[in-house]
Structure formats: C-alpha cells, structure tokens
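The listed protein sequences correspond, in order, to chains A and B. Residue numbering for the first sequence follows the working numbering, beginning at 1 and increasing consecutively. Residue numbering for the second sequence follows the working numbering, beginning at 1 and increasing consecutively.
Please note that the accuracy of each hint is not assured.
As the list makes no split between identical chains, a pair holds if one copy fits it or if it spans any two.
Unchecked claim - Computed cross-link-like contacts, SDA-like style, restricted to lysine to any residue with a CA-CA straight-line distance of at most 25 Å:
| # | residue 1 | residue 2 |
| --- | --- | --- |
| 1 | Lys310 | Thr90 |
| 2 | Lys168 | Asp104 |
| 3 | Lys424 | Glu61 |
| 4 | Lys44 | Glu523 |
| 5 | Lys424 | Asp49 |
| 6 | Lys86 | Gly329 |
| 7 | Lys193 | Glu458 |
| 8 | Lys310 | Ala68 |
| 9 | Lys310 | Ala513 |
| 10 | Lys193 | Ala87 |
| 11 | Lys204 | Ile515 |
It is worth saying that the hints were derived from the structure and are not from the lab.
There are 2 protein chains.
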Amino acid sequence: MADTDIMAPEAGKPTRRTRGTRRPARSAAHGHNPWLEVPYITRKVPTYDLLDEESLVRIEEAADTILAEIGIEFRDDPVTVEMFRKAGGTVTKLGDATWNIRFDRGLIRALCATAPPRFTQVARNRARSVEIGGDAMIFVPSYGSPFMLEPNGDRRYATLNDFQTLIKLAQSTPWLHHSGGTICEPTDIPVNKRHLDMVYSHVKYSDHAFLGSITAPERAADSIEMCRILFGSDVVDQNCVIMGNFNSTSPLVWDGVTTRGIRTYAEAGQGSIHLPFLLGGAVTPVTMAGSCAQSLAESMVGVALTQLTKPGAPAILAAFLSSLDLRSGSPTFGTPEPALGSLVMGQLARRINLPLRCSGNFSTSKLPDAQSMSQSVMSMMAAVQCGANFILHSAGYLDGLLSMSYEKFVLDSDLCGALHAYLKGLEVSDETLGLDALREGGPGAHMFGTQHTLRHYEHAYYDSALDDYRPWETWDEGGRGDAMSRATTRWQQTIASYEAPPLDDAIDEELLAFIAKRKESMEDAWH
Amino acid sequence: MADTDIMAPEAGKPTRRTRGTRRPARSAAHGHNPWLEVPYITRKVPTYDLLDEESLVRIEEAADTILAEIGIEFRDDPVTVEMFRKAGGTVTKLGDATWNIRFDRGLIRALCATAPPRFTQVARNRARSVEIGGDAMIFVPSYGSPFMLEPNGDRRYATLNDFQTLIKLAQSTPWLHHSGGTICEPTDIPVNKRHLDMVYSHVKYSDHAFLGSITAPERAADSIEMCRILFGSDVVDQNCVIMGNFNSTSPLVWDGVTTRGIRTYAEAGQGSIHLPFLLGGAVTPVTMAGSCAQSLAESMVGVALTQLTKPGAPAILAAFLSSLDLRSGSPTFGTPEPALGSLVMGQLARRINLPLRCSGNFSTSKLPDAQSMSQSVMSMMAAVQCGANFILHSAGYLDGLLSMSYEKFVLDSDLCGALHAYLKGLEVSDETLGLDALREGGPGAHMFGTQHTLRHYEHAYYDSALDDYRPWETWDEGGRGDAMSRATTRWQQTIASYEAPPLDDAIDEELLAFIAKRKESMEDAWH
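Next comes chain A alone, as it looks inside the complex:
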C-alpha cells in the first residue's frame, strides 16, 4: 500500500498553519502565534557550552576507561554478545546467560561513526515529518508514568482513555512535534497486548510521528508491522517511520530484552534511543562529571549495537541525569546540578556527531504549582540550550515521572510555545533596530502608534494561551483564577473541540484486524 494513499497532500500546509490562518487577527484570541508554528524547530540560538576542551576530553577518556577497564554487563542475549565479540570486545562469561564485555579505548566510539548525525522520522501527515539532529529540535510528550494526578492531588492508575486523551492534547497543540510513545501506561489493558492499543491510538488520534513498543522484541516487531500497514512496506523499508526508546539497566548493564529490541528496530532500519536513566548517588556517581562519563559510555554502547546490526540505522544518544534527596533516598528532578550535566551532554553529543535526547520538563512536585514550573524551566532551559534534538518529557511530567497531569501537560506545552520564540533568537537588522520608531516622535513620545510598531506588533511577542497578563482589577473581577485552574479549562476545552485527523478506512480496518488477530493469539498477561 503506497503512502500517498493515506497522506493528504498537505506538505507545506500542515493542519496547524491552516488553523492559524482561519482564526481572526491576534487581537481576538489568546495563544495564537501562527508565525512560530513549525513541524520542527530550527535552532537559531547558539548552544550554551559549559566546559572547555580539556574537561570534555577528560570526560571522554573516563568513558573510555569505564568501557575498557570495568566493562558492560550483557544478559540473556548471546547474539548481541557474539556481535560485540566479533567487533573486538573482550568477553568474559560470568554465568549461564551473563557476560562482561570490555572494549579497547575508542572502539565503541568508532562503531558509532556510521550512525547518521541527522535523519528524518516520517509522519503519516508528511507535513509533520520531523528532522532529528544538527540544529533541528523537537518537543515530545512525557513517557512512562503509571499514574495520573488530579489537581486536588488524587492519584490513580492511568488508563487507555488517559493515554488517548494525552495523544489528543499533543495533537492539538502547535508546540509539540511528535506524539511520543508510552505517554502514560494504559494499566487497564493486559501488559502483553498494551502495545497494540498504544500504537493504534497514536495512529488513530494523531498524525504526528510516534514511538513503538520496547517491552519485548515481539512487541517491537508488532509495532513495526503496524507501520507497514499504515505506511506501506516500501516506505518502511526506505525510511525511519518509528523508533524505540530503550533504557540501559544502570550502572553498566544492558539486558537481553532491551538489546534484542534494539536489534529488532535496527534490523528494520528504524530508529532507536539509548538512554541511561541515571539517579545520582544510586546508579551513578553522586558527582555530575562521573554521571556524564557513565551516560556517554552506556549510551554509546546502545548506539554501537545498532550499527553492528545495520550500519546507518538511525540512533539517538541520550541522557537523563537526576539528583537524589540523600536524606530520604528519593530521586529529585529539575534541580540545578543535572541541568549543568545536560549542558555538558550537548557538547559531548556534538563531538561524537550524534543526535541527542536530553532532559525535559522535569519535576518532583505532586501538583502543577510554583515548584513544578520552577523545576521544569530549570531543566528545560538546559535541554534547549544544550542543543538537544529530541526532547522527550516536554509535557505532562509530575511526581518524579511517576504521574502525568493534564494540567501540567498544557502548562508545559505553553512553555514549549514560549521556547519556540526563544529559539528563534534575536534578529539584528535595520528593521529590528527600529530607529524610525524613535525618530517618529522623538524623546518623550510613546510608540504605540508609530509605523514601526504597526508593522511589527502582531509578531513581536509570544502570546501565551495560559498566562494571565491582566491588571489586578480585571483579574479580580474575573474570579482570581490561578494557572492551574486556567490549565484545567484549557485542556477540557481542547478535548471538547478535538477532531481526529483523517485516516483511510481500509487502513483503519486492516490495523484493527491485525490487532484482533494478535490479541486472539495469546492469553492476557498482567505483568
């Protein structure tokens, strides 16, 4: 089935842009900034480079030392072990299905060299295909929370309905560029069948690119197979249309379910993300330089495995740095030290010439309150300033990633909008210097009505959909709402007016038939 059958010829006219032009002028509605809407961001601000050459080399050398002297442990995947052995790794068998592999200095880095520095992930709406790498940057919803948090603090297990609602919110904002993967865990669906409903929901309720399953190699295969139905096999064979988001088992372990999943995606020429989830002081040194070295070492090994599987397969270096409340042992997120670490990971990724996934709107708060956004912005500024390309966890993150929140999702999305303005940078030209605005009235004259103001005011400043700009008196008369209550109104209105993007009926039926068949083939499993 050819991809042109299902793709409306919308290239250059993505849904969001069309909506922007249908709306009345800026003066009528909040939160519309059509001039900032893009399928992916092209970063116009420089990266914020924290460390000098010498320090970066020391971190790279430490990563090499980890790989050469301590090694990586592999479990339950002799094929992967054999591939690394053939590539030059020194294998030591530790048990029945456990091996340690050490790598000569520079070997793993050399194996990463065939991975593309930049690639395209094709979306079913081609106008929403995204670039990953270089100066391209995309914001992607959060990933992996089992719970939903209500604004009153109630916490409950997430369901498929929550999963689909979050997809609809991501589809409806111009400030997220990708539908993500396990936006929350649909815990009402059996574990071994969950991936089918998740992939289908991404396809059905979004026309963005998305991530597939990684919890078992056969689920990865199902995810890719569903893409063959959606895109046609030719397209899948020649493009990256789906990716898997894989975690190492830090410190320094890659387990077999994961490495087999990585190989499944790579064999199909699909993309993968290689993430060490590093809780400082728990699974990585409590000092950030050590976390950076370990993160680089573990992530490069994942990338190297993709290249041994299929040279040129898209792969993303990744870093998730966090700190710990060493009083309680609880992880903490959105703190200053990991923000610095993220800046360094950006430098390291550029030196190895790989796309980077890094940081996001992290928070430990249980409510979408002042703490949640203070921590999120601290974390997210590092993500964008380090030049990360694939910014997972850009929307919805609360409770140390244990919970998603609809309110936080739209607050974060609005921040992502502000970051679209930030990442455009500051243009210096005769027109933006605007001396004519000053000349027109001269000293002491206000500029509301100058020709320069009239030419620029509609596009001068990002207009938030959620922030309250009103004078106190107007805000008081309007009921004194806070950001959380506005966020509740916002997400509920968005869902009420949501319309699914068109999907070819024949494809829809074929996907549903595939899912039914796969579900019939196995008993429900709940863990």
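Fit chain B to the supplied structure of chain A, relying on the hints for placement.
Only chain B this time, still in chain A's reference frame:
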C-alpha cells in the same frame, strides 16, 4: 566615628556560615547548604553569548546614532546641561527648562571610560560587603512595588511594617546578598519623610549593603548623611557604602530630579544605577534589537553624568526589558523575547567594561503559582547567564512589579539558592569523575554505600528549603501541601525566629535623632 566600633570582627565568619556550622548534619533539616553560602557569588559558568561581533557592533552603532541624531532630552537641571555642553554635547534649548543634547558618535562611551569595571559596596557587617562587576554577582530583593499581594489574591497598599518584614526575610536567607532599596513603598509614611524610615530600617534590621533614596536630591543627601553617622565620614569618603537606583524617563529623557540625584550620589563618591525601564512597543521599539540599542544609549548617558561629576565614581549600566500584551496594552514580564535581550545586554556591558544590573525574577502573575515561577525562571536564567552583576528584583516580584508577595519572596530566594549551585558550574577532576564509585561494585551494583558517595553526598546537590521531594504517599499523609502553602509557613517561621543584627546603641540614637530633626523640619507631604 570609626567603622570598627560598630562592626563585629566577623570577617571570614559571616552570620550565615556560623549558623550553618551550628546546625546538625544535613540529614536533619531541609534547606541548609552551608558550602554554597557566600557574601557574593563568583560566577564559574561562562556567559551565554547570543550574538556575534557584527550584530553587537550594529547595536552599538544604533545607540551612537540615537545619541548623535535624535539626542537626549534633559529637563529642569541646567547644571547637568552645562556639564554635557562643556564635554562636547550639542545643546538645543527646547523650552524654559528643557533641552535636547546630541552627542558625537562615541563621545558618551568615551565619557564612561573612567567608571570602575568592578567595585566594592561596603556593608556595615564587613563580612557582607559585596563586589559588583566582573565575575561577581549578587542577588537583591525586588524594588518599588506599592502593593502587597496575599495568597488569596487580596491586594492592599504596602506599609512600613511590610517594608521591615521584607528586610528581615532578606536578612535571614543566605541566598540574597544585599538589602535592596524600596523593597516596597511604605505608603503609610508621608512621601517626603519615607526615605528616612526606609534607610533606618535597612540599617536597623539588616547588616547587608543597601540602596538610598532617589526621589529628590535632598532625600539622596539625607540617605548619604545617615551613612556618615553609621559608617563614619572617613569611610564614606573613601568607599562606596550606598547607591541610588535611577530611572531614565524613556524614551530618551532624563528629568532634573533624577540627574540632580545622580550628581548627589556621584559627588559623594557613592554608587548609582542607570536604568531605562523599557516597555516594548510603548516606550521603546517593539523589536528587541531596538530596545537593546536604546537601553544602552540611555544608560550610558546616566553613567557619563557620574563621570563628569566625579571621575571614578561607581556606576552600573542597567537594563530592564519587557514585552507588552498588545491586545490590552498591559506590560508583560518573564516572557522569552526580553530574556534574549538580557543576554545581549550582558554582552554589551562587557564590551564597555561596566558592571551590569539586568533582569530578575519577573512575573505578571497575581499569585505565586505555576505561571509566576515559569516566568521568573525564564527571566532569571537570562540574568545569571548574561553575567549580570547586580540582579535587582531577585525576590518577591508579582503583578508586573506592582505588588510584592511574601510567598513569592521566599520561593524566589530558594531559587536563588539553586542558582548558587548552578553558578558554581560543573567541576571535572579525577575525584568528580568518580570512577572508583563504578569500580567498587562494578556493573549492576548500586552506589549508595560506596566510599565515593560517602565522601561527596553531603555537598553533591542543592537541598531546597521549599521543594517537596517526598513520594506521593508521604506527601498525601502530610496533608498534600502546595508550594504556596509551604512558602507561607516558611516566611512566617523565618519572621518568628528573626533576630536583628547588633547595632551600636550610640549610632542607633544618633540616627534616630537625625531622623527626628529632619521630620520636624518639614510638613507631611503625601505626593
């Protein structure tokens, strides 16, 4: 009167450090990070340089064009006009007490050259004296709000009691380095006597450095005279012990009350801050490059006046960039475009080799909610990343600077603590690379108990006094508080345990006598 009489010999042992060592170990109390406490920050992270040389030169040339072709309007201060005329300005009389002065390209910049790139403001507790300029950075409370905002949204006029309470909060946190000036307007005190109570309150309830009055030249003189009582005339004659925070009347006007105030401080060898308060699209071009050029032009003129008055007098270049809700005409704060402008102002200040005041914890929100901290961090990250030296508005700012909030004050202060950790940067050494932590247990082993963790955990991560790190269950059992409610508890507890720093009785009496005499000399004036 010698300064040693009133200064306890505390150099090297500031109050805060002493308190840190008296406290039990980290495991017992939240929010104690004695290893981060300093009288002023020495920035260890690089500045985030947004623009290239060519763009910076264009902004500087635009500033020169403004000064050479449009000129600055001066009002009600013929002495200042005469000083600029003698220095080479081209004066055009516009009215009885109004003049336009144009300046040859480069003239104003050349006049700024004698201002010190870095200087010390002496505090009455010498251990709390601050450095201003270069890689030194201080956080200073907000300035100028007439109102106080309660957590329920009630807004009321601020009083002297509020003013003193805010001073006590600033005195009690290790994360603010200066007592500020008009932290709020004590509206229950007559306008013409307010400055006496304000300066006295700074002296009485804080041992930090502080700002004096700028609302009239004679009030500036009173402020300096009170410093002579406090420090002794010798100290005042030879040091910067007080500063005035002056605003131009943008666009492109310096009024006589202000220029006479600037001259009053400079004549006494005291410091001054030269701030264009630029509301985008209202009093400055709606495009940020133009705002930067205008900000530079107006601020340099203020600095130049100090140098004509007394070469070598301390002076601070300043920038306050904001945007506007062009639908309502309301100013907006904490938005992305002014954050970019702040980064540029940092570059411009370094090129002219002057200390910079820039940005702060800006917000338009009426509550200390998610919006307030999202905006604040966006703004504040630019302040610290641009390398600003004197960061006014670091604590308390809500409602577009119309209102102060006790809750926001402590939330902001806690963020300033996190920024102390951020500004220390990321150290790369064998010890911080911590390979021994990874070697000790090897792959798969947790690191809670490694020797490396034990050596570093107490100082590894900033410990917030306000953020909730607990698991949801514990937070739920504890009553589900939000950041705002924790902030209320925090500031009330701080005030309950506040102790005034010691002040010599004779000085106290002399200050009170001076105030009484000055108050008796004039009728109350309320505007």
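Notebook entry, point to check: For lysine 193 vs alanine 87, is the C-alpha pair at or below 25 Å within one copy, between two copies, both, or neither?
Noted result: Classified as neither; 36 Å inside a copy, 82 Å across copies.
Next item on the list: Go through the copies and call it for lysine 424 and glutamate 61: within, between, both or neither, with a Cα cutoff of 25 Å.
Entry: between (35 Å within a copy, 23 Å between copies)
Checklist line | Status of aspartate 49 relative to lysine 424 across identical chains (alpha carbons, at most 25 Å) | finding: The answer is both: 18 Å in one copy and 15 Å across copies each meet 25 Å.
Next item on the list: Indicate which option fits the pair lysine 193, glutamate 458 if close means a Cα-Cα distance not exceeding 25 Å: within, between, both or neither.
Entry: Neither: 49 Å inside a chain and 45 Å across chains, both beyond 25 Å.
Next item on the list: Indicate which option fits the pair lysine 86, glycine 329 if close means a Cα-Cα distance not exceeding 25 Å: within, between, both or neither.
Entry: Neither: 41 Å inside a chain and 68 Å across chains, both beyond 25 Å.
Margin query: As a check of your reading, is lysine 44 near glutamate 523 (CA-CA no more than 25 Å) within one copy, between copies, both or neither?
Written below: neither (52 Å within a copy, 59 Å between copies)
Notebook entry, point to check: For the identical chains here, do lysine 310 and alanine 68 meet the 25 Å Cα criterion within one copy, between copies, both, or neither?
Noted result: Within one copy only: 24 Å inside a chain, 65 Å across chains, cut-off 25 Å.
Note to self: If the cut is 25 Å between Cα atoms, do lysine 310 and alanine 513 qualify within a copy, between copies, both or neither?
What the structure shows: neither (31 Å within a copy, 85 Å between copies)
Margin query: Cα distance capped at 25 Å. Does lysine 310 pair with threonine 90 within a copy, between copies, both, or neither?
Written below: Result: close within a single copy only, 21 Å intra versus 73 Å inter.
Note to self: For lysine 168 and aspartate 104, with the copy left unspecified, which applies at a CA distance of at most 25 Å: within, between, both, or neither?
What the structure shows: Classified as neither: same-chain Cα gap 47 Å, cross-chain 60 Å, threshold 25 Å.
Check: With identical chains treated as interchangeable, where does the CA-CA distance between lysine 204 and isoleucine 515 reach 25 Å or less: within a copy, between copies, both, or neither?
Finding: So lysine 204 and isoleucine 515 pass the 25 Å test inside one copy only (13 Å; across, 75 Å).
The structure shown violates the earlier hints numbered 2, 4, 6, 7, 9, 10.
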